[in-house]
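S.K.: Okay, here's what each chain looks like letter by letter:
2 protein chains.
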Amino acid sequence: MSKKYVYLFEEGNSNMRQLLGGKGANLAEMTLIGLPVPAGFTITTEACNEYLTAGHKFPDGVLEQVFTALERLELDSGKSFGKKNNPLLVSVRSGAAVSMPGMMDTILNLGLNDESVQGLASLTGDSRFAYDCYRRFIQMFSDVVLGVEHARFDEVMERYKRKLALIFDYEIPSSELQSIIEEYKEIVEQEKGFAFPQDVREQLTMAIQAVFDSWNNQRAIVYRRLNKIDDELGTAVNVQCMAFGNMGLDCGTGVAFTRNPSTGERELYGEFLVNAQGEDVVAGIRTPTPIDRLKEELPGVFQQFLDTCQKLETHYRDMQDIEFTVEKGKLYMLQTRSGKRTARASVRIAVEMVNEGLITVEEALLRVDAEQINQLLHRQIDQSVKLDAIAKGLPASPGAACGKVLFDADLAEKMGGAGEKVVLVRSETTPDDIHGIIYAQGVLTARGGMTSHAAVVARGMGKPCVCGCEAIKIDSGNRQFIVNGIVVKEGDVITIDGASGNVMLGEVPMIEPTLSDEFALLLQWANQIKKLAIRANADTPQDAARAREFGAEGIGLCRTEHMFMAAERLPIVQQMILAENLEDREEALSQLLPFQRDDFYGILKAMAPHPVTIRLLDPPLHEFLPHPETLLLEIAEMKHQQIKGKVLLEKEELLKKVHSLSEANPMLGHRGCRLGLTYPEIYCMQARAIFEAMVQLQKEGIDCFTEVEIPLVMDIAELSLLKAEIMGVYEQVKKENNCELDFTVGTMLELPRACIMADEIAREAEFFSFGTNDLTQTTFGFSRDDAEGKFIPIYLEKKIIKDNPFAVLDRKGVGSLMRLAVEKARSVKKDILMGICGEHGGEPSSIEFCHIVGLDYVSCSPYRIPVARLAAAQASLLNN
Amino acid sequence: MSKKYVYLFEEGNSNMRQLLGGKGANLAEMTLIGLPVPAGFTITTEACNEYLTAGHKFPDGVLEQVFTALERLELDSGKSFGKKNNPLLVSVRSGAAVSMPGMMDTILNLGLNDESVQGLASLTGDSRFAYDCYRRFIQMFSDVVLGVEHARFDEVMERYKRKLALIFDYEIPSSELQSIIEEYKEIVEQEKGFAFPQDVREQLTMAIQAVFDSWNNQRAIVYRRLNKIDDELGTAVNVQCMAFGNMGLDCGTGVAFTRNPSTGERELYGEFLVNAQGEDVVAGIRTPTPIDRLKEELPGVFQQFLDTCQKLETHYRDMQDIEFTVEKGKLYMLQTRSGKRTARASVRIAVEMVNEGLITVEEALLRVDAEQINQLLHRQIDQSVKLDAIAKGLPASPGAACGKVLFDADLAEKMGGAGEKVVLVRSETTPDDIHGIIYAQGVLTARGGMTSHAAVVARGMGKPCVCGCEAIKIDSGNRQFIVNGIVVKEGDVITIDGASGNVMLGEVPMIEPTLSDEFALLLQWANQIKKLAIRANADTPQDAARAREFGAEGIGLCRTEHMFMAAERLPIVQQMILAENLEDREEALSQLLPFQRDDFYGILKAMAPHPVTIRLLDPPLHEFLPHPETLLLEIAEMKHQQIKGKVLLEKEELLKKVHSLSEANPMLGHRGCRLGLTYPEIYCMQARAIFEAMVQLQKEGIDCFTEVEIPLVMDIAELSLLKAEIMGVYEQVKKENNCELDFTVGTMLELPRACIMADEIAREAEFFSFGTNDLTQTTFGFSRDDAEGKFIPIYLEKKIIKDNPFAVLDRKGVGSLMRLAVEKARSVKKDILMGICGEHGGEPSSIEFCHIVGLDYVSCSPYRIPVARLAAAQASLLNN
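Chains L and Z, in that order, are what the protein sequence lines are. Here the first sequence stands for residues 51 to 930, where the numbers follow my numbering. Here the second sequence stands for residues 51 to 930, where the numbers follow my numbering.
Worth double-checking, as some hints may not be accurate.
Just so you know, same-sequence chains aren't split out, so a pair can sit in one copy or run between any two.
As a list, the in silico DSS-like pairs of lysine-lysine whose alpha-carbon atoms are at most 27 Å apart [unchecked claim]:
1) K436 <-> K539
2) K436 <-> K390
3) K773 <-> K785
4) K701 <-> K689
5) K849 <-> K862
6) K689 <-> K706
7) K862 <-> K879
8) K849 <-> K107
9) K689 <-> K773
10) K862 <-> K880
11) K784 <-> K442
12) K874 <-> K862
13) K380 <-> K235
14) K454 <-> K707
15) K454 <-> K278
16) K390 <-> K701
17) K849 <-> K773
18) K706 <-> K523
19) K849 <-> K523
20) K129 <-> K378
21) K862 <-> K852
22) K442 <-> K361
No wet-lab data here; the hints were simulated from the structure.
With the hints as extra help, turn the sequences into a complete structure.
M.R.: Here you go:
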């Protein structure tokens, strides 16, 4: 006996989603709980997969089982498939395990042919209705199954309407419809070389085949890629007796949500169309009316529908998205599924359902998509408005910004400071642009990836940013940029969407973030469930304060390099870098000390008494110097203008230094602890600044705790040497101030070798923090700056990778190293504090992995803390 | 009872090297086998280590044991330490487990004071001798133990000789020596504030302390670093009764090797100095005579010495380096150890000793330092000549070259082609310089690391190269370079040493490589023992032929990018890169196809029937384009000269393209299989070239086997897609030519993720080759180009790393990943071919590791194949 490929609705239930698809499982479930569902059956996803694998051939037994089930439908309904007397018509619909609305194919009214159409006419006493059904069926079947263009049939309809001087399709009389049907059939014969199939079993076989094939149509593939749906799932096919919403004014069709999918309010929300089939609603041919009209027009049906909605919501314990048909005053349920909803609605529904006793707190936490709630924390483009983007770059820092285009930071500071809304547009930003970024609404750059200067700075400030938008050609000379032929001049208004990377002309409607009471409550619940602590990546007291508002339990990464880039400090930093000897360097460092001390004082105070991880200087020094090409051109210009002497010499010296510091691969170069080991005086200054800030706070009676973090370690020896330097500074500060301070010294794990050597390194380290940005770069051998613009898009397209590994932590590769490191570290120091501070720390799937491997905390940008709290709670619920 | 810290010579043997040091263990061994060794004892290395760890304090019991042993010497010799009657004098010498000649301290004649000197005088009846001993002792002790400068005493001696009008020290009469001794003692008192110690036990204690301390003197530390000797070994101290070679003409001292240490010839080789102590020989104060003189002067002693040498060589079964003294016609053996020898001698001695039946083949293989024999394969600087280097760069490609300095490749080609010897000197080389490099003797660059273009190309050609010699400032305008104030003009002759990185003015004497019969035999033996196959990294038929001469068993890495850089092809390659669409790119590729086919034809033919691994294009495309700074300046210049129109536009277009291709971190950028996936047509062209070359060879009846290698894979999906492309090309070629070809498709493991995923990737790969250059870069997060110039020297100095990980494979980090990958790969495909093709493939310790983890082959530059063969045999012998 062959495998069971076909299930009658009464044989299934909602747990069989994987096998029957979402629609089939829910139709079965509705049948099970006694709702009025037209009879039918489901052909399994397994049949689909075997069909596709076998090169579009049905597995043995499928068709036999289909026709056996069909006989059962005939028996139960007393109708006959393809017969003149009381003909059985069916719909054939796709239905995957995961909802992919509108992506695959549907055929209605199948079972009509020249003979059965007459039966339908006599049965309903409405020949116009019958021929209209037949006409629709031929058109739909020819389009979907035979691949004949829809437009060819529409032309015929239009011609008839013109000829008859009619406006609406339904005004065409029955006799004319019969001529139209003849023309339709001719079109098919012309296009395909064979007659429109009159054998209804052939019709059904071909329709099932077409639905299976539609799993791999272009739009379905793209949809799956966008929504990260597995290509191997396959679709089920649902064959169901037709219910007719188009048999008169006591008929109709509608869709409804049991709650408002936009706001979450508890109210029936939907639309109804009198005397119509479902396709009319979906296709937007006629405008449906609000569902309330049903109450007026068919009050009995409306009440039955209300009760059914209530029953479904209570049964499924979630807001439902329902399709239904009314045939001659009788209600038929065609589909139910959990309804899609906005982030706002999602939060409200989840919380209210807990209050209603419908679901538990744990369920509520799992109902809300953690990634989606990020929307609630940024000003965003109104998604209901259709937008024309003129270009698309990388979505580098979320939120939307609108303002006048400006090309230089000074002007941005001036105009922005004067209250104008401006967007700073640059090829790429440098530390020199910081003051402009502060006063801009957002930043748009033509070059640079997700970790470019602009991106990092903007994310730190919570400011929208679109990076690496290579389509825009900046012409600074003429103070304009050109994109696909459109010229945007300085002062023109644009809008950028840092969540999508889109750039639009003019001002686009936006939605302000809303932090509802329900949201706050949900996050409180999350805190009770989650195991991971949530920290923030924050470099300023402002960031730290914002992070605490969002619920941060400490700072997991305070980068000190951004402090070096502030306008008034950069010259001192440059002086330090250009110093030819230790003495000059220490002199410059002593000027930086008070700045750094103030920085740390402010951050520690804002976060007290929570722990603050301060990472010592990490980037290569040339990042603080001018770009060599700029210098080169300046020197060439000076020479041409015959400028000589000291000015030229100094420029040439500077260029020489820039060249000598420039590196082939700065990511793998002279940075991190390698700087600290080459110039211990830099780290010593930073350690002193930290300890002196702590002394000050101690005097003020403020508790604080610092984790001094050494970056880019690959061997215990690096950490030992630098820890000794830091402890030396501490001993001095302790003696000078006669006090004890509370701190630990640890390191980042951001190189494969550090992970492999984590047991050795743990002997010296008091904490570990995974720097998964760098760890991903080295494990994959992907430079993020280069990869995201150049080949990650190709890799995603070719399905070499499922996700951008810089967005979603790669569990197999990077994750293996992390797991190894955790095991090794804990084998030496059972309780060593371990966290993550790469950008993955704010991404739900990555957070789940951190929970699974047993980290103590995740750290992410302040704006993602709510996402992280929810994701951490979900991870805890899903992995017990 | 305290630990045993002191061993009489009769208590030890040669196996106690670790505890007694090499010298102590051998003195014990010689005592054991009945050779005439002056009595003595050894203080253990353990005592030294405990002394140093305790902060320069003797462990309990050491001194007690020393003086107990001393009493035993007194008893046995009938002499008394520090006494007037028959005084006992001793030498105090260092002796570590590993020989560190001349690095640590020695004190002779200890036990002399104002009293015992008289005893010595009366005992020997030679007061001049006695006072001379005392004088020497004071000077040596003061220098070594008390830290009084040697020169202060020499001044006194010189003054006396001038006063007495004498030439030689030994002409100074006894009475004057006594005055000198008084002056010496005054110097000590002046300098130190205390009198020269008269207490001989104090003398001995201080001397032992000084020897222990000398373990950490600057030159010893540097020596250990250079020779990779563990700092924790510590030194032993040997205290031994003095034998006097300076008591008359029947006395003397000498050193001898049992075979010629330079050529390996079986002949006694050494020097003897009549009436002298050992220090005279070592210090080079007097010129010794060849050892044959001993035969004439003291024939009895000579015969005894010959017999002893024979006995020692037979006993130790190795060539010995012997120190001895003759005291009044009696022979005393002071030291024996395995003698240092040149590579040439090492090979000859090992092979001859096998023939003599003294050692086994296995022992012979272990006797020769694999790294050292590299010397025999390159023309090299004569090490016996003292050199003054004017600068030092990176030793990028071994061998020495001498020629006229030229600054441009065209001229180098012209003059080199005309038979002139030239050295090409460039800031850094580019593909445009290849033709110049071909005709130059060697290459010197001011910038770039061990993997820079110049280095890679030069190594491939077996041409000497010094890279990254930052001290030289090239002034192309004036056709000269300046280094530390020295101006070297075009046409001046320099010599570069690619083995040391040294640059010298003028022509320096060189030694031609010698490939002796013994060497060939040794390598034959190696082949019988080794498990690893040895392949070559070779990119040209010439390289392939050379590799076979050296015994290559295949090519493990044939890089195709160098083929792209040849002068006549580069314009086509650039055209291919600049192509705006697939059609133009394919047009350019079709022009490259015949070149590539010829390349592969030649290489496969030269290596047939051995396997050839051909790596498809790997480097980022911008490496084939001009440098952006060069273009930038050219454009600026054109603008200044008001040049406009097409020429300028083209340049600007080119710059735009160069900028768009330029990457933040090209090592981690758009290269390797990422190129192949973006532009499959490039790899398809290369695959076609390979297959067509194989077809041609097949037609000629030549067997060949190709391994098509995909670089930089991190996931099986990359390999699957590209393998499918290659197999597609194969199917075409097969059909076109109606033939079957013998090849496999595999990949490099050069990224941490590839190692972690090796089991998955192995399902698709037919072979694996570890690319340990890149794997080291990513595992450490070290960009080789940046690290070797900037921070690896600091890391070595601070002992953070023991070896440069790009030279010696890092077993703990990189090695762990390799081990993991081997296990994973073999768990899926038991017999999958696995090798290594990074530069580690030619380094002995790394080769040993490859043997241990069970690789099938190592691949290295043709010139290192003999090294690799020997190292592989040694690995096999040492790891059974």
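S.K.: Run every hint past the structure and note whether it holds.
M.R.: Hints, one by one, checked against the model:
When the C-alpha separation of K436 and K539 is checked against a cutoff of 27 Å, the pair qualifies only within one copy, where the shortest distance is 24 Å, while the shortest distance between copies is 71 Å. Within a single copy, K436 and K390 get their C-alpha atoms as close as 19 Å, which meets the 27 Å cut-off; across copies the closest is 84 Å, which misses it. Only within a single protomer do K773 and K785 lie at most 27 Å apart by alpha-carbon distance; the minimum there is 18 Å, versus 67 Å between protomers. In this homomeric assembly, K701 and K689 come within 27 Å of each other (Cα to Cα) both inside a single copy, at 11 Å, and across copies, at 22 Å.
Taking identical chains as interchangeable, the C-alpha atoms of K849 and K862 lie at most 27 Å apart only when both belong to the same chain, with a minimum of 16 Å there against 34 Å between chains. Taking the shortest alpha-carbon separations for K689 and K706, both the intra-copy value of 16 Å and the inter-copy value of 25 Å come in at or below 27 Å. Taking CA atoms no more than 27 Å apart as the test, K862 paired with K879 passes in both settings, with 25 Å inside one copy and 20 Å between copies. For a Cα distance limit of 27 Å, the shortest separation of K849 from K107 inside one copy, 26 Å, qualifies, whereas the shortest one across copies, 68 Å, does not.
In this assembly of identical chains, K689 and K773 lie within 27 Å of each other by CA distance neither inside one copy nor across copies; the values are 49 Å within and 55 Å between. For the identical chains of this complex, K862 and K880 are neighbours both inside a copy (24 Å) and across copies (23 Å), given an alpha-carbon limit of 27 Å. Taking identical chains as interchangeable, the C-alpha atoms of K784 and K442 are never at most 27 Å apart, the minima being 54 Å within one chain and 45 Å between chains. Taking the shortest alpha-carbon separations for K874 and K862, both the intra-copy value of 18 Å and the inter-copy value of 14 Å come in at or below 27 Å.
Taking the shortest Cα distances, K380 and K235 never come within 27 Å of each other, neither inside one copy (34 Å) nor across copies (127 Å). For a Cα distance limit of 27 Å, the shortest separation of K454 from K707 qualifies neither inside one copy, at 38 Å, nor across copies, at 30 Å. In this assembly of identical chains, K454 and K278 lie within 27 Å of each other by CA distance neither inside one copy nor across copies; the values are 37 Å within and 64 Å between. Neither within a single protomer nor between protomers do K390 and K701 lie at most 27 Å apart by alpha-carbon distance, with minima of 61 Å and 54 Å respectively.
For the homomeric pair K849 and K773, the shortest alpha-carbon distance between copies (16 Å) is at most 27 Å, but the shortest distance inside one copy (45 Å) is not. In this homomeric assembly, K706 and K523 come within 27 Å of each other (Cα to Cα) only across copies, at 11 Å, whereas the closest approach inside a single copy is 31 Å. Taking the closest pair of Cα atoms, K849 and K523 never come within 27 Å of each other, the shortest separation being 31 Å inside a single copy and 50 Å across copies. In this homomeric assembly, K129 and K378 come within 27 Å of each other (Cα to Cα) only inside a single copy, at 18 Å, whereas the closest approach across copies is 133 Å.
When the C-alpha separation of K862 and K852 is checked against a cutoff of 27 Å, the pair qualifies only within one copy, where the shortest distance is 12 Å, while the shortest distance between copies is 32 Å. When the C-alpha separation of K442 and K361 is checked against a cutoff of 27 Å, the pair qualifies neither within a copy, at 46 Å, nor between copies, at 86 Å.
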